[in-house]
Amino acid sequence: MSVQSEPAVRVHGLTRVYQADGEPVRALAGVGATFHRGTFTAIMGPSGSGKSTLLQAAAGLDRPTEGSVWIGGTELSTLSETKLTELRRGRIGFVFQAFNLIGALTVEENILLPLKLAGARPDRQWISAVVDRVGLGQRLRHRPAALSGGQQQRVAIARALAARPEVIFCDEPTGALDTNTAAEVLILLRGIVDEHGQTVVMVTHDPVAASYADRVMVLADGHIVHDMPQPGAARIAEHLAALGRRPADPAGATR
Amino acid sequence: MTALAARMLRHRPGSSIATLLALALGALILTAMGTLIESGLRYTPEPVRYAAADLVVARPDTTFVSREFGDTHTSTVALPEGTVPVALTGKILGVDGVAGIAVDDDITVTGADGGPVTARGWGSAVLTPYQLVSGKAPAGDRQVVVNSGVAPLGGPVDLVVGGTLRTYTVSGLVDGPRVAFFSDAHAAAVNPRSGTVTAIGVLAAPGTDVAALQTRIQKIAGKDVAVLTGAQSGVAERSADRSAATLLVQVGASFGGYVIMLIVFVVAATIGLSVRHRRRDLALVRAVAATPGQVRRMIMAESALVGVIAAALGVPAGLAAAHWLTGELTGRGFLPEGFPMLPGAVAAPAAAATIVISAVLAGLLAARRVTGIRPAEALGEAAVEPGTAGKVRLISGLIALVAAGATAAAAVSGSGQTALGAALGMLYLFVLAVGLLAPWINTAAARLLAGPLRAIFGASGYLAAANLRANARGTATVLTCLVLAVGFGGSVWFLQNNLERQAVAQSRDGLLATRALVPADGLSDAAIAAVRAVPGVRAATPVRHTSVVLPLMGDGEVFGARAVDPAGLDQTLDLGVTSGDLAALGDGTMAISETQASTFGWELGQNVPVRLGDGTPLELRVVAVYRNGLAFGDIVLPRTAVLGHTGTGLDDEILVSAPPSADAALAEVAAEHRATVVDSAALTGGLARDLALSAWLNRLLIAVMVGYTAVAAANTMVMAALARRRELAVLRLTGVTSRQVKRMINAEQLGLLGTAVLLGGVIAALTLSSVVRALTGSFVPYVPPLGYVTVLGGTAVLALATTILPVARLLRVPPIEHMGIKE
Ligand SMILES: Nc1ncnc2c1ncn2[C@@H]1O[C@H](COP(=O)(O)OP(=O)(O)O)[C@@H](O)[C@H]1O
Ligand SMILES: [Mg+2]
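In the order they appear, the protein sequences are chains R and B. Mapped onto our numbering, the consecutive letters of the first sequence carry residue numbers 926 to 1180. Mapped onto our numbering, the consecutive letters of the second sequence carry residue numbers 11 to 833.
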């Protein structure tokens, strides 16, 4: 993998304008960024700064108003919805803040769902390695409702890994977790970057969470205002505070 | 995909129960209707009476030929009592290959037990064939052959023939269907028809090619009569069964077709709602890697699955319902006794298939919305659907509304059948317009109601108005279903009330006679003469109920008619003549009700083509047009016109104008002729009962339909109420008290259901008043007080049972339980 110089994800000139009650809202105002393979990037910024919007556009979940997104060598804007889905299946994984799992399916079925939808045969060895990695071997037959929040997030990470994607996007994956559980999840993410050479892009509002990353990007009002390699929690907090007007909203943009 | 669909279904059965219920009820109705259609379509009259004849010459139907724009259109209707001239026998006997013939006089007489018996000449016994078990053939005019067991050989048998009681001696006994055989000469003598018989049976000479013989006889018999083989001859003896078969197909097809449309609509709505409620799940599946097509297929698989379960539940229930319905229809005289109803071997699988297809179709419609779900919504907070409905929907709705307005104008200004048709068209169009425009109507209503709701309910009213506006699209189905139920039920159901009331009023006003003789079987000329001879009787009018066939837009249609003796008619009956004069009702004339005159476009003095029930064509001049058609029938003929053309030759009632002093003498005459004397109120009461009976089927169908739409509305309301647990929990955690939440829900229900009842009521009132005007001339329809209570009470119960109670249950649980991150 390291031989390839091509980045895992690249966005260029991303603009996203929402229509809210007839008024245009500019969530992203020309963002450009490159995420290299085997790196762990944290995206931070005040609530409403466009973090989720950037993540969704980069992950092909949403289409930008302007600009382009490359996943590996593929430019997304020209793909049909079906092609885009197929690309997401094989090359992108996600972890959201909550509601990651389908309640009707068991843990194992949730993990295998993307493969099943793709009609692909799961690579048993890899799947059991993933399940071991996230430490859920005992819970495979359980329903998500029987798991704790941290366990649910670990299932979501396992699902994201199941198809061996090129990049995993996480939107506040620890937002709904207590400090200890959050740490477990972050260690897991750090581990898959270090051990499997995965690429992870994670939105978070928590400087401690961000300190697990190799690089921290700070968004404000739809622009990238800082891009720091391995800054450490203290420095991140400082930067956020320097953004002044509003400190990072501890509750995040969600609930 | 199917497996995933099944899993998601099992996990959240709640959202599919509404769909299941709607589909299962639909399957029930469709199976029942399908059984009616199947029994009607596959009905073949079994030959019994003429089974042994080689050929049968009869007139089972009459054909109308019309030419329009160079196209020839033919329409065939079953004749109530078709006959052929006896004169044909001579010609047929002369045809090469005919070995013998036998005529069937087919006279209805009354047996000793009071039931009707078919009497025939012994010569026709070979057509069935009947064989003597003992004794010999009847001879003279005092001998009869009856079924074994009715009377002993040589014993006496009482029969009422032509209204007179006669005692016969049993000369022989036969086995087979109930019958009485006279000698041929006696049968011909007591045949009330003049020179006609029901059928002429032909026996071919041995070795004759029957098909060729059929052609030869057809050539000399003319095209008005049919020459049937023995196997086809069932049509010549079962006119009642045949019209029943037609009725079954008509009722089943029109109602079933309507129900299919309703099912697709209702089920698309419930599936649509369950898609809305599972938006986040579906967005997640999309985000995780399902293509839009896969999600659509999943929803369709889910609907198909629900459809299959619904069919499994509904079809057996439908078969049971069909069984029940057959009993009711037979009991109420819609079906002749012993009509062969089929068990639904085709109807049941057809209904099941229709239900599954409807479910898939509805799923397809609902699944189109899935395309609008962005996978990013799975990350999202509120997972709400964008609120705007499509432009196409708005435009179609407006077109329907304009069309409804135009038809309303036609309904109000037209007359007769045109106005009736326009009124029904208007009803459909208005309901369609409401269905399409529902989201905008809801929004507008929410805006308009914001002030009043706030004034009445305070803060709760303010929240209610906001919710109504926000859920305008989600509640569209509820609005449509309720408007449909109120609009359709209100107009068609109450229309029956108006018709009955009007008919009774006409009968009360129009019956000048003080008494009437009502017979057990029929009244003969002797009875009329006896009544007229009673001292004090000012006038006596014999009335015969018969049918005529009239050409309506190229098709033959059977109408009920009354044949009356015009002498003294002005003292017994006031038909409410609006133009012309009933005094002129003599040979070659007729009178017609205003409603039918305008339907047919017939005017006073015009000569019009009429066919009697036996097929005889007449050209009659319209001498009077009258108002009281609902009570006294749409066609009135002079009695002379039908003499010799009806099966019994007897009258159905005698209207008598006489002082009370004549009662005793009248009662004596009546007793002598096996009749009873009733007063005019009883006659009117009898009419009301008859009308209620014939309206029963209409009422049943309307009730089923209104019930179905009400269940659909209830369904969607329960679904919507239960889907609000989270929202209500948020409100309560924000500090809104449970009492305020309840008030808010009450205010919402008041707003939504109030709008629906108002719209439905306006539509029903418009339809009802234009139909009533077309039928009676008055714009103001009658609605029974209980009607208002039912509509308003029913709606209130619906609101209570489907929303207020479920919400109250949700409110008993601490809000935090509904807030969980886990869903
Ligand atoms: N679906 C949407 N419709 C309208 N506006 C939106 C939508 N999603 C996000 N926004 C707006 O775009 C801006 C950025 O939102 P988001 O990317 O969710 O911020 P963050 O994740 O950084 O809190 C905010 O002002 C938000 O209100
Ligand atoms: Mg966000």
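In short, the hints are calculated from the structure, not lab data. A hint or two may mislead.
As the list claims (entries may be wrong) - Capping the alpha-carbon separation at 20 angstroms, the derived lysine to aspartate or glutamate pairs in EDC-like fashion look like this: (1) B:K233 <-> B:D591; (2) B:K401 <-> R:D946; (3) R:K1008 <-> R:E1091; (4) R:K1041 <-> B:D71; (5) R:K1041 <-> R:E1091; (6) B:K229 <-> B:D71.
Unchecked claim - Computed far set for chain B versus chain R, every beta-carbon distance over 12 angstroms: (7) A13; (8) S144; (9) G172; (10) A231; (11) L292; (12) V298; (13) T301; (14) Q304; (15) L323; (16) W334; (17) G348; (18) R384; (19) I466; (20) A698; (21) L732; (22) V799.
Unchecked claim - Looking from chain R toward chain B, a few residues come up when the C-beta cut is under 10 angstroms (computed): (23) G992; (24) R1064; (25) R1066.
Where a beta carbon is used, it is the ideal one built from N, C-alpha and C, also for glycine.
Hints, verified against the model:
1. B:K233 <-> B:D591: Not OK: K233 (chain B) and D591 (chain B) at ~38 angstroms, beyond 20 angstroms, violated.
2. B:K401 <-> R:D946: Roughly 18 angstroms between the alpha carbons, so the hint for K401 (chain B) and D946 (chain R) holds.
3. R:K1008 <-> R:E1091: This hinted pair holds, its Cα atoms lying about 17 angstroms apart.
4. R:K1041 <-> B:D71: Violated: K1041 (chain R) and D71 (chain B) sit about 65 angstroms apart, past 20 angstroms.
5. R:K1041 <-> R:E1091: holds, 19 angstroms
6. B:K229 <-> B:D71: Cα-Cα ~18 angstroms, so holds.
7. A13: violated, 9 angstroms
8. S144: Correct as stated: the minimum Cβ-Cβ distance to chain R is 79 angstroms, above 12 angstroms.
9. G172: holds, 79 angstroms
10. A231: Holds, since 71 angstroms exceeds 12 angstroms.
11. L292: Non-interface label on L292 (chain B) violated, nearest chain R Cβ at 10 angstroms vs cutoff 12 angstroms.
12. V298: violated, 5 angstroms
13. T301: At about 4 angstroms from chain R, T301 (chain B) fails to clear the 12 angstroms cut-off, so the statement is violated.
14. Q304: It is violated; Q304 (chain B) is separated from chain R by about 6 angstroms at its closest Cβ, not greater than 12 angstroms.
15. L323: holds, 23 angstroms
16. W334: With a cut-off of 12 angstroms, W334 (chain B) remains clear of chain R, as the shortest Cβ separation is near 40 angstroms.
17. G348: holds, 54 angstroms
18. R384: R384 (chain B) not clear of chain R: closest Cβ-Cβ about 6 angstroms, inside 12 angstroms.
19. I466: holds, 28 angstroms
20. A698: holds, 59 angstroms
21. L732: holds, 16 angstroms
22. V799: Given a closest Cβ separation of 44 angstroms, the condition holds.
23. G992: Interface hint status for G992 (chain R): violated (16 angstroms vs cutoff 10 angstroms).
24. R1064: violated, 15 angstroms
25. R1066: violated, 14 angstroms
In summary, the numbered hints that this structure violates are 1, 4, 7, 11, 12, 13, 14, 18, 23, 24, 25.
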